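Please model the complete structure; the sequences and the hints are all you need to start from.
If you read the sequences in order, they're chains W and S. Quick note on the working numbering: the first sequence kicks off at 1 and runs consecutively. Quick note on the working numbering: the second sequence kicks off at 1 and runs consecutively.
It is worth saying that the hints were derived from the structure and are not from the lab. Source: prediction; values computed, not measured. Hints may contain errors.
Stated by the list, open to error - Simulated pairs of lysine-lysine, DSSO-like, Cα-Cα distance not exceeding 27 Å: (1) W:Lys-252 / S:Lys-230; (2) W:Lys-246 / S:Lys-230; (3) W:Lys-252 / W:Lys-241.
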Amino acid sequence: MTQPDFPRDALILGGNRIPFARSGGPYAGISNQDLLTAALEGLVARYGLQGEKLGEIAGGAVLKLAGDLNLTRESALGTPLDPRTPAIDMSKACATSLETVIHVSNRIQLGQIDSGIACGVDSASDSPIEVTPRLRRILHRAFAAKTAMQRLKALGAIRPADLAPVPPRNGEPRTGLSMGEHQALTTAQWGVSRQEQDELALASHRNLAAAYDAGFFDDLVTGYRGLSRDQNLRPDSTLEKLGSLKPVFGVKSPQVAEPSMTAGNSTPLSDGASSVLMGSAEWAAEHGLTPLARVVDARSAAVDYVHGDEGLLMAPAYAVPELLDANGLALQDLDFYEIHEAFASTVLTTLKAWESEEFCRERLGRGGALGAIDRDKLNVAGSSLAAGHPFAATGGRLVATLSKLLHERAKETGRVQRGLISVCAAAGQGTVVLLESVTD
Amino acid sequence: MSAVQTAEQIKDLADVPSFPAVYAAALDPRSSRRKGEPTLPAIAYRVRSVRIDAERARDFDHLMGGPATDLVHPGVLHVLAFPVSLALMARRDFPFPLLGLVHLRNQVLQHRPVRVGELVDVECRVRDLRPHRKGRTFEAVSTILAQDGEIIATDVSTYLAKASGPSAGRDGAGPSSADARAERREFEAPTPTGRWSLPADAGRRYAAVSGDVNPIHMSALSAKVFGFPKAIAHGMYTASRAFTESRVDLSRPLRWDVSFDAPVTLPGTVLVAFADDAGTGTVTCTGWRAGRGDKGPRRCFEVEVTTLDR
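Written out as structure tokens, the structure reads:
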């Protein structure tokens, strides 16, 4: 028997997401499982996957209930897919669904599976609220007690303060600073202006609105709960309106001379889910599906923000050069850049780092700067500032959007198109992916 | 009488004393201070075969935000020895009132790791009485020994006994208070790497794992009784938390040096900045109160952790 030729291409065949909503908006009272099921159902319907047994579904959520341990599997069981389709839950903060794409891609490339779905979901409206660690331990002691007296004694340790509910932590556990406060320090360090941030936010809204108007999302988004577009999108936003907003991050920090991060140039808490259909060339052909792009390569990096060596959200600035080097590309060789807009200033500090001789020499150990990019190629169909950012759903949104952009442009130009996705994540992490267009 | 200082007595205690009893003794009105030049008692307090309690070490680790480790945080050794040295300082012939002492510095030198459940001996002494611009300083030295007599760790706490009355500090050799004020102004806060929001019950939580129920830490009300407008965080709580986030390899010998400046009031917010020196293997954590209005930032503590060669 001849050995099949592995690794083989892992292809992006399409995607589907539901419109992203603001926290407490139309998806209030809707669970992660509801949202993910809706996104998967839309994908199944669009690509005719009813009754199909796929190789694997990889998904995840950042704000996840303990009872949702098999969130992806449970969601998939609620769709018309073959119930014998296996699923895995994964987690890496805001990079979760970019990592699920990499996971499914690796499995396909190695020949372990022929098809799969990468997906992610988050609901800030339905995030878990826990009991205090002290109450949890007291209750466990009481449950383990052998006599009624022991149980009473254990429960007697409960104090009123132990009963306060504990919402998800808004901040890095090791530093006590919120993500916005961390980024405010990085923003000040790189001297990013308010004007630059507001301009980036405005471009995000304008690009997303234009893409919707052009019908770009017609085969990428399925309406849900009365929402047909991302709720956060403000097509009529202006620099004046954005400029009138008060800074919210860095205002308490003396190291930030002029706080510039506002609700307008930062992503809002959001609810939503996204999914990406992937497969081998053979599987795509068998199912009559047109491949959009292939996953070329991926890298991840992490920085030591805890001891102040680097800014919390700067890991992609390190991961991208590594990815480019491994593939013999310069930063300017790319046709599209999808840099996740956690904050407008995250994108801008990352770009400034690559433009900086000093950073590239001292931090990256390179001969010189990576240089500037053509801003007309950046987040051309809008990004998280306009669409919103349901943490684990963002990677899937980016991959589906970029794959379609690459495919369309390749068909127009007759040339292979390359695109970069860069996502920063909590705890000083970053994941980056290189995609390349596929045409017939 | 000074001749006997060379011949040290050792007093064996049956067990580690409890803090409430020690503090009660310290408040005993009969413990009168002798007039004239103060001298430190030439006596060591010793407790043999104390077990490092695994549950207590776990609670200590959790309070500091770290994982429960089998090799104990040196802060656990500090709180183990602390009541023994307090008992010594609560003696009637001890020249200073216990509740007025100010913890200036703490230096731990740990020669080898200690496992939870291990038996150790604890010995405490006081030494090195010196003049200071605000009164006098001395060191409380705790030695942690293995059952075979090997020294595992030495913990040196430097305390200030503030002088009272008009002659306070006149014989002081330290810097003048004008210098101290200048020094305070000179503190330039670095870029913070973190912020600790300490709740009103931070003192009670540390008391629960350390046993140190000194009233100045427990509540605003009990602190007021002793002249503090607000409760004050235990210095060794902030120092131990900084140690935990220093990411030290507990299996190696180490130094843990702390200096305290302005008190951390509760509830309160402390900004911290960690810095690694790869050359010396030292991690530094500076903690400060942010400036407000025309008041500049005040440094609260500086913690240095150094991993040593074996």
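**Message:** Does Lys-230 (chain S) sit within 27 Å of Lys-252 (chain W), going by the straight-line distance between their CA atoms?
**Reply:** Distance of about 23 Å is within 27 Å: holds.
**Prompt:** Keeping to a limit of 27 Å between CA atoms, is the pair of Lys-246 (chain W) and Lys-230 (chain S) held or broken?
**Reply:** violated, 34 Å
**Asked** Under the criterion that the straight-line Cα-Cα distance not exceed 27 Å, is the pair Lys-252 (chain W), Lys-241 (chain W) satisfied?
**Response** holds, 24 Å
Hint violations for this structure: number 2 only, all remaining hints satisfied.
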